[in-house]
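> Each chain, letter by letter, is given below.
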Amino acid sequence: MSSDGENDEFLYEDEYDDAFDQDDEAEEIDSMSEPDVYDALSPAIEEAPQKKPYDVSWKVKTLQEITDMQNKEITKIQSVLEVPASSAAILLRHYVWNSEKLQEQFWNDPAAALEEAGLSPPSSPTTRTSALPPSPNKRSTRSLRAGPSTFLSKRTKSSASIGPFECPICCMEFDGPSVDVNTYSMGCEHRFCKDCWREYLVGKVKGEGESAKIQCMESGCGRIVREEVIDELVEKDVSKRYHNLLNAAFVADSSTLRWCPHPNCEYIIQCTQAPARMLNQIVPTVECKCGHDLCFGCGYAASHRPVLCKIVRLWEKKCADDSETANWLQANTKECTKCQSTIEKNGGCNHMTCKKCKWEFCWVCMGPWSEHGTAWYQCNRFDEKSGIDARDTQAKSRASLERYLHYFNRWANHEHSAKLDAEFYQKTEKKMEQMQNSGNLSWIEVQFAKQAVDVVIKARITLKWSYCMAFYLKRNNMTELFEDNQRDLERAVENLGYSLEQNISDTESIAKLRQDITNQAAYVQKRHDILMDDTLKGYLERRWEFSVDV
Amino acid sequence: MSGLAVKRLMKELAEIQAKGTPEGIILLSADNMQEWVFLISVLGDETIYKGETFALRMKFGNRYPIDVPEVTFVANEQYQPPIHPHVYSNGHICASILGTEWSPVLNAVAICITMQSMLASNKKRIRPEGNDRYVKTAPSNPKLTRWHYDDDTV
Numbered sequence: 001m002s003s004d005g006e007n008d009e010f011l012y013e014d015e016y017d018d019a020f021d022q023d024d025e026a027e028e029i030d031s032m033s034e035p036d037v038y039d040a041l042s043p044a045i046e047e048a049p050q051k052k053p054y055d056v057s058w059k060v061k062t063l064q065e066i067t068d069m070q071n072k073e074i075t076k077i078q079s080v081l082e083v084p085a086s087s088a089a090i091l092l093r094h095y096v097w098n099s100e101k102l103q104e105q106f107w108n109d110p111a112a113a114l115e116e117a118g119l120s121p122p123s124s125p126t127t128r129t130s131a132l133p134p135s136p137n138k139r140s141t142r143s144l145r146a147g148p149s150t151f152l153s154k155r156t157k158s159s160a161s162i163g164p165f166e167c168p169i170c171c172m173e174f175d176g177p178s179v180d181v182n183t184y185s186m187g188c189e190h191r192f193c194k195d196c197w198r199e200y201l202v203g204k205v206k207g208e209g210e211s212a213k214i215q216c217m218e219s220g221c222g223r224i225v226r227e228e229v230i231d232e233l234v235e236k237d238v239s240k241r242y243h244n245l246l247n248a249a250f251v252a253d254s255s256t257l258r259w260c261p262h263p264n265c266e267y268i269i270q271c272t273q274a275p276a277r278m279l280n281q282i283v284p285t286v287e288c289k290c291g292h293d294l295c296f297g298c299g300y301a302a303s304h305r306p307v308l309c310k311i312v313r314l315w316e317k318k319c320a321d322d323s324e325t326a327n328w329l330q331a332n333t334k335e336c337t338k339c340q341s342t343i344e345k346n347g348g349c350n351h352m353t354c355k356k357c358k359w360e361f362c363w364v365c366m367g368p369w370s371e372h373g374t375a376w377y378q379c380n381r382f383d384e385k386s387g388i389d390a391r392d393t394q395a396k397s398r399a400s401l402e403r404y405l406h407y408f409n410r411w412a413n414h415e416h417s418a419k420l421d422a423e424f425y426q427k428t429e430k431k432m433e434q435m436q437n438s439g440n441l442s443w444i445e446v447q448f449a450k451q452a453v454d455v456v457i458k459a460r461i462t463l464k465w466s467y468c469m470a471f472y473l474k475r476n477n478m479t480e481l482f483e484d485n486q487r488d489l490e491r492a493v494e495n496l497g498y499s500l501e502q503n504i505s506d507t508e509s510i511a512k513l514r515q516d517i518t519n520q521a522a523y524v525q526k527r528h529d530i531l532m533d534d535t536l537k538g539y540l541e542r543r544w545e546f547s548v549d550v
Numbered sequence: 001m002s003g004l005a006v007k008r009l010m011k012e013l014a015e016i017q018a019k020g021t022p023e024g025i026i027l028l029s030a031d032n033m034q035e036w037v038f039l040i041s042v043l044g045d046e047t048i049y050k051g052e053t054f055a056l057r058m059k060f061g062n063r064y065p066i067d068v069p070e071v072t073f074v075a076n077e078q079y080q081p082p083i084h085p086h087v088y089s090n091g092h093i094c095a096s097i098l099g100t101e102w103s104p105v106l107n108a109v110a111i112c113i114t115m116q117s118m119l120a121s122n123k124k125r126i127r128p129e130g131n132d133r134y135v136k137t138a139p140s141n142p143k144l145t146r147w148h149y150d151d152d153t154v
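Chains as they are written, first to last, in the UniProt record's numbering: chain A, 1 to 550; chain B, 1 to 154.
One thing to keep in mind: the hints can contain errors.
If you want the footprint, here are the derived chain A segments under chain B, 3+ residues with CB under 8 Å [claimed, not checked]: (1) 96-105; (2) 218-232.
For lysine to any residue, the following SDA-like pairs were computed, each having C-alpha atoms within a straight-line distance of at most 25 Å [claimed, not checked]: (3) B:Lys11 to A:Trp443; (4) B:Lys59 to B:Leu4; (5) A:Lys76 to A:Lys51; (6) A:Lys310 to A:Arg277; (7) A:Lys194 to B:Glu101; (8) A:Lys206 to B:Lys11; (9) A:Lys236 to B:Leu4; (10) B:Lys143 to A:Trp443; (11) A:Lys194 to B:Asn62; (12) A:Lys431 to A:Trp443; (13) B:Lys59 to A:Met172; (14) B:Lys136 to B:Asn62; (15) B:Lys7 to A:Asp175; (16) B:Lys136 to A:Gln340.
Worth flagging that the hints you see were computed from the coordinates, not collected in a lab. Here a beta-carbon is modelled for each residue, glycine too, at the ideal position from N, C-alpha and C.
Taking the hints into account, I'd like the entire structure generated from these sequences.
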C-alpha cells in the first residue's frame, strides 16, 4: 500500500521532525519484503496504485501497534534516562512524545524535568518504591509538609507510622494495619483512603475523560498518578477506558497519526507526508483497511478531492450556518427603520405599518410615511441618493446569493445522488440478472454494469467537490479550463448514467448496450482522471487562485 | 445525598461550631446538607468593599467533596454580588478554585477564604468584560459555564 516514492520532492521526512519517523522508515522497508497480516486479509488494497506526485503514502495501524509504538518509546527512554517505565511514560506524555526535547531537558536538569512532568526528583527515596500501591515501608520517611493547606488537609500528615489516620476527604478513620491496606499515597506523601481515590479517579476518567494529566487530590499538588496505580485502584472497565484515553491522546498528539473516522473502525492511519503546512498544496486522501476513504489532512470521513481541506471547511460552514438564510433575508426583506424588525413584503401597497411598533414608512424609499404628504401610493423620492444606495446593496446581495445557489445546487445534487448509491447498485444488480436470463450472458459477462456504476459513483463524488472548488476559484483563464474539464466530466457521467437506466428488450440491444456502457465508462474514467490529475497538479504548480486565503 | 457528602459536611459543620470561622466570615445558614450560605466581608480600611457584606451560597452535590460545590454570590433584594472584575452581576464567579483547581481536600471555609482574599486584593470597582452578554445567556448553574482563567492579579 505504501510504496516508497520515487518522488523525492514529496518526501519531507528529513526535515519533518517527529518522534516516530525513524521507526516508520524501518517498518516500511520491513513491510515491503514481508507483507503484514492485515494486507493478506484485504487483498483489494494491496495492489498499490501508481503513485502520482500529489499522492501520499500511508500505513494503517491497529490499536495494538499504537500501544507497541508507545511502549517502544517508553522502553527506550527508560533505559536512556534510567527511570522506571511508568516515569518514562509520564515524562514522554509531558513532552508530547518528543523524546529529543525530553532528553535535552532531562540531562540539562533532571530534577526540574521530573518536577515539571509531575514526578519527584530521583534523589527522593519515594520515586521508585512508590511505583506500586501500597508503599507502607516508606512511611517512616514521611515528613510534615508545610503548605497553604486548609485545616482539613493538615490531618493528611497525621498518619505517622501506625497511628490512626483520618482520610481528609471522607473523614473515615483508619487504624493499625488497615491504614496500609485501605489508604494510599503517592511519592508526594498525600495520603487518602482508597475509596476516595477510586471515586476521584473514576470521576476523572469517566466524567472528565482525563488520562495522562490526572493529578494528586491534594490542592496544588501536581504529582501525576501513575498508570499502574490507576489500574490497581479502579474497576476493569474504567481502567480499559483510561487506557483508551491514553491511546487517544497519543494519536491526537501525533501529527503523523489519525483515527479512522468511520463508525466502529478502530484503525489508525499513519502518514508522514501530509504535515499541516503542506495542506495548501496537497489533498491527502487515504484508504483505511475498513474499506472507506478519508482525508488524512482534516479527518473528513470521505474523499473530498480535488478540494483543499481548508476550502472544504469553509464550504461546510457556509452551507451549515445561517449565512445564506441571512443572505436571503437581505435579498427579500427590509428592516423597519424604527424597531429593526425584519419585514417581508408579500403584497399590498408601499405604505407600510410595522406590525410591531406601528411605525409607518414607505417601502420604496424607506422614509417616514408622514413626509410623503399627499403623494400617497406614488413615491417620488425614489431617485434620491439614499434610495439608490439601498437598491445597490440589495442587488449585490441577490447576485451573490444566486451565485452561491448555482454551485450549491449542483453540489447538493451530487450529494443527493451519492445517498442513493445503494439503490443504484440494487437496480443494476436486477438488470444484470435480467441480462443473464434474457440475453444468455454469463455472470462474468454482465459485470461491466457494476463496474460502470462504480465509475459513476466515484466520478460523482469528484464532481460534487468540483462545484465547491469552482465557487471559491477566482474568475480567470485557469478557472475556465477547470470548468471545461468539469463540464466534460459532468456530461460524460450523465450520459453513462442515462445508458445505465436503459431498459433491455432483446439480445441484440444488450450487446449494443454492453458495448456502449463499457466505452462510456472508460471515457468517464478518463475524464475523471484528467480533472483530478490537472487539479491536483495545479496546486503543486500554484495555478489556482482562490477568493479566500488558503 | 450520599453518605460520603453528608459525613464530610457534618464534620465540616462540627469543625466550624467548635473552632469558629475566620474573621469576616460567618455561616449564615446550614439548615441542610445541600445548601449553605456564608456572609463575607473584607477586613481593614484599605479595601474598596469597606462596610459591605456579601452572601455566598454553596450547593453541595452528591459527589462532594470529589466534585466542587456550586458557588455563587447571592443576588436578591437583601444582598448584591460584589462589584469585582471576576464576579458577574448574576452572582457567578470566575475563579480557578471553583473549576480546574478544585481539590477534594478543600472545603467550604477554604472557598470563603479564597473569595475573601479575591475581594481584598481588588482595587477596581468594575464588572467583568462582557458581563451583560454573559448574564443574558448564562446557565443557572455556573459549573456549566466553560471558564477561562486569565487574570492572576485579583
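> Hints broken by the structure, by number, lowest first?
Those not satisfied are hints 1, 3, 5, 8, 10, 14.
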